[in-house]
Amino acid sequence: MLKVPYVTGYLTERFADDDFATLEGYERAGGYRAARKALTEMAPADVIELVKGSGLQGRGGAGFSAGLKWSFMPTDTDQPKYLVCNADESEPGSFKDRILLERGAHQMLEGILIAAWATGAEKTFIYIRGEYAHPARELQRCVDEAYAKRYLGENVMGTGFRHDVVVTRGAGAYICGEETGLLESLEGKKGQPRKKPPFPAQYGAFGMPTTVNNVETFSHVPHIVERGADWFRGIGTEKSPGNTVFGVSGHVERPGLYELPLGTRLDEIIFEHAGGVPNGRKVKGVIPGGMSMPILPAGQLDVPMANEALRERKTMLGTGGIMVMDDTTCMVRVACVITYFFRDESCGQCTQCREGTGWLNKIVNRIERGAGEPEDLAILVDIAGKMEGQTICAFADAAAWPVQGLMRHFRADFEAHIEHKKCPFSESFAL
Amino acid sequence: MISEQARARIDEAISKLPARRGALLPALHIVQEELGHISPETARELGELFEIHPVEVMEVVSFYNMFYAEPQSRHHVYVCTNLPCSLRGARVLYEQLEAHLEVDENGNTADGRIHLGHEECLGACAYAPMMRVDDRYCEDLDLDKAKRALEELE
Ligand SMILES: Cc1cc2nc3c(=O)[nH]c(=O)nc-3n(C[C@H](O)[C@H](O)[C@H](O)COP(=O)(O)O)c2cc1C
Ligand code: SF4
Ligand code: FES
Numbered sequence: 001m002l003k004v005p006y007v008t009g010y011l012t013e014r015f016a017d018d019d020f021a022t023l024e025g026y027e028r029a030g031g032y033r034a035a036r037k038a039l040t041e042m043a044p045a046d047v048i049e050l051v052k053g054s055g056l057q058g059r060g061g062a063g064f065s066a067g068l069k070w071s072f073m074p075t076d077t078d079q080p081k082y083l084v085c086n087a088d089e090s091e092p093g094s095f096k097d098r099i100l101l102e103r104g105a106h107q108m109l110e111g112i113l114i115a116a117w118a119t120g121a122e123k124t125f126i127y128i129r130g131e132y133a134h135p136a137r138e139l140q141r142c143v144d145e146a147y148a149k150r151y152l153g154e155n156v157m158g159t160g161f162r163h164d165v166v167v168t169r170g171a172g173a174y175i176c177g178e179e180t181g182l183l184e185s186l187e188g189k190k191g192q193p194r195k196k197p198p199f200p201a202q203y204g205a206f207g208m209p210t211t212v213n214n215v216e217t218f219s220h221v222p223h224i225v226e227r228g229a230d231w232f233r234g235i236g237t238e239k240s241p242g243n244t245v246f247g248v249s250g251h252v253e254r255p256g257l258y259e260l261p262l263g264t265r266l267d268e269i270i271f272e273h274a275g276g277v278p279n280g281r282k283v284k285g286v287i288p289g290g291m292s293m294p295i296l297p298a299g300q301l302d303v304p305m306a307n308e309a310l311r312e313r314k315t316m317l318g319t320g321g322i323m324v325m326d327d328t329t330c331m332v333r334v335a336c337v338i339t340y341f342f343r344d345e346s347c348g349q350c351t352q353c354r355e356g357t358g359w360l361n362k363i364v365n366r367i368e369r370g371a372g373e374p375e376d377l378a379i380l381v382d383i384a385g386k387m388e389g390q391t392i393c394a395f396a397d398a399a400a401w402p403v404q405g406l407m408r409h410f411r412a413d414f415e416a417h418i419e420h421k422k423c424p425f426s427e428s429f430a431l
Numbered sequence: 001m002i003s004e005q006a007r008a009r010i011d012e013a014i015s016k017l018p019a020r021r022g023a024l025l026p027a028l029h030i031v032q033e034e035l036g037h038i039s040p041e042t043a044r045e046l047g048e049l050f051e052i053h054p055v056e057v058m059e060v061v062s063f064y065n066m067f068y069a070e071p072q073s074r075h076h077v078y079v080c081t082n083l084p085c086s087l088r089g090a091r092v093l094y095e096q097l098e099a100h101l102e103v104d105e106n107g108n109t110a111d112g113r114i115h116l117g118h119e120e121c122l123g124a125c126a127y128a129p130m131m132r133v134d135d136r137y138c139e140d141l142d143l144d145k146a147k148r149a150l151e152e153l154e
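These protein sequence lines map, in sequence, to chains L and E. Per this note's numbering: the first sequence = residues 1 to 431. Per this note's numbering: the second sequence = residues 1 to 154.
Since the hints were made in silico from the structure, they are not lab data. Bear in mind the structure is a predicted one, so any value in this text is a computation, not a measurement. You may find that some hints are simply not true.
Mimicking DSSO-like on lysine-lysine, the simulated pairs with C-alpha atoms at most 30 Å apart in a straight line are [to be verified]:
1) L/Lys37 x L/Lys239
2) E/Lys16 x L/Lys190
3) L/Lys37 x L/Lys149
4) L/Lys421 x L/Lys196
5) E/Lys16 x L/Lys37
6) L/Lys52 x L/Lys282
7) L/Lys282 x L/Lys190
8) L/Lys149 x E/Lys16
9) L/Lys196 x L/Lys149
10) L/Lys149 x L/Lys195
11) L/Lys52 x L/Lys195
12) L/Lys282 x L/Lys421
13) E/Lys147 x L/Lys196
14) L/Lys239 x L/Lys189
15) L/Lys149 x L/Lys189
16) L/Lys239 x L/Lys190
17) E/Lys16 x L/Lys195
18) L/Lys195 x L/Lys314
19) L/Lys189 x E/Lys16
20) L/Lys362 x L/Lys190
21) L/Lys422 x E/Lys145
22) L/Lys37 x L/Lys52
23) L/Lys190 x L/Lys422
24) E/Lys16 x L/Lys3
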């Protein structure tokens, strides 16, 4: 079983308690009170205004306002409307949704129910990555409990509102985390992202108006309804309110999950919470938000973990998956691992992405072997630049950014390989 | 042949979705659980059930890593070799397991018991190195711990 976070907050503070994972236990902790309040005391439009006012940003990577997204759902339609809960969590370095599913499924389901009320959705599809077999079973158990208690299905809480939740499993494809790739997969097809527009709010799951949110995004919602937008805005930064669950991995003493306010400084997370780097080593670089986000060098860790601050350093919060690398690490090897992943996972629809990810991987592998040429560095930068903003989905950008970050801050590592015609970092992690 | 039990589970999946085709992934999971892989014969049956060409079924099978078009070893063992796991020795562990299990160039043991492969991030980065044994995660591994987990497999 997954270890509960080392530092907890309103989302995870009861995760160590087995009782909390059951419906009765969750209710004893105050669970489903917020949903009852929303469904019986609030008009759907008021719920949307509340969540908009709270400033809750999506936690799936892009950081878009959740309330604003809900407001895009048409109100004057006869078509059925749907929600999708994105539980595909496949961004390397990210493992927060897994614990929110394993230990907090009712909290997420309550958030879903509130969102369904707000948007008038009749069904939610929870799309969970295929490898999460255990979390999927836990989730299904909680869905069944909620049906038995009439928190789902017909006449929810006696209000006449109907909502159904269907759990479906993915089957091992990173691109199904991209929301329109997910929708295609949900429809039983290859998970190839759709051209936008139309956006999901117009043409989503099975062609119907749909809102897609991340597991963690939904999990915040009951707390906002219960305690109000001002309470939520009092946590985190002005532009990025609330807590988030950071995952820390790589070269730290205490890898694990940490629930902390957005805006907590990266160096505080690494050195105070995660115990710093083992074996008396120093940090060389840190990827701050899942593998798609550009790396930061050791000198730039004094940054608040919130998009407005991270953007100034040409990176982003992403999923909050923090990967720490010590000073033995060869950044060309890091580039080899990263580019391999994106080459392997490209869905192949767009030439820039399909070919670009392959070229990037080939060139960094060549450099690592000691067979790189000085002009390879300019070629890398050129290819990465041409992959940005050109494609059907943001995957190609996500593949280009980490290479750009490595070239920005660790060009010297690449140059040293080319000059010495071999990898000069003998103590680095093995490839 | 798709069994009656599997057929019933597929029908249940279909009943929960707005369009029949939506149950194709659930159906592939259900059928593969029973038969181990998706054969041309199974693809034909599923094609009929979902009113699509068997080739379309196989296209979906080949898009997703967790569906198999060929017969498989009894157990799948996948070591995550993505970055956070690699930083904590996953690739060394992978090579040690390769030698320990004496797998062939396709990653299979001679007795058909285990297929060893590597996989991308499985959402267990803080508990690295780790591997997935069928649908179970084994975390915080060293070679001995990994060997013990594999010995338990029939
Ligand atoms: C390549 C790619 C992969 C993605 N993978 C995930 C994922 O695994 N989980 C997730 O919630 N969002 C993922 N996203 C973001 C989704 O497209 C979408 O923005 C998100 O689910 C919206 O939810 P939110 O607004 O609550 O964050 C991915 C995006 C891209 C471009
Ligand atoms: S950018 Fe890449 S992953 Fe996205 S649709 Fe194009 S080829 Fe597929
Ligand atoms: S990198 Fe191995 S589980 Fe995430």
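Against the 30 Å threshold, does the CA-CA distance of E/Lys16 and L/Lys195 hold or violate the hint? holds (27 Å)
Given the hint that L/Lys149 pairs with L/Lys195, does the C-alpha gap stay at or below 30 Å? violated (40 Å)
What's the verdict on L/Lys239 and L/Lys190, does the C-alpha distance respect the 30 Å limit or exceed it? Between L/Lys239 and L/Lys190 the Cα gap is close to 37 Å, so the pair fails against 30 Å, i.e. violated.
Quickly compare the C-alpha distance for L/Lys190 and L/Lys422 to 30 Å and report which way the hint goes. violated (41 Å)
Holds or violated: are the alpha carbons of L/Lys149 and E/Lys16 at most 30 Å from each other? This hinted pair holds, its Cα atoms lying about 19 Å apart.
Do the alpha carbons of L/Lys362 and L/Lys190 lie within 30 Å of each other, as the hint requires? At roughly 26 Å apart (the allowed maximum being 30 Å), L/Lys190 and L/Lys362 satisfy the hint.
When you check the alpha-carbon spacing of E/Lys147 and L/Lys196, does it fall within 30 Å? Violated, at roughly 48 Å.
When you check the alpha-carbon spacing of L/Lys195 and L/Lys314, does it fall within 30 Å? holds (27 Å)
Between L/Lys421 and L/Lys196, is the straight-line Cα distance small enough, at 30 Å or below? At roughly 45 Å apart (the allowed maximum being 30 Å), L/Lys196 and L/Lys421 break the hint.
30 Å Cα cutoff - pair L/Lys52, L/Lys195: holds (27 Å)
Does the structure keep L/Lys149 and L/Lys189 at a Cα separation of 30 Å or less? Cα-Cα ~34 Å, so violated.
Holds or violated: are the alpha carbons of E/Lys16 and L/Lys190 at most 30 Å from each other? Satisfied, since the Cα-Cα distance of roughly 20 Å is no more than 30 Å.
The structure shown violates the earlier hints numbered 4, 6, 7, 9, 10, 13, 14, 15, 16, 21, 23 and 24.
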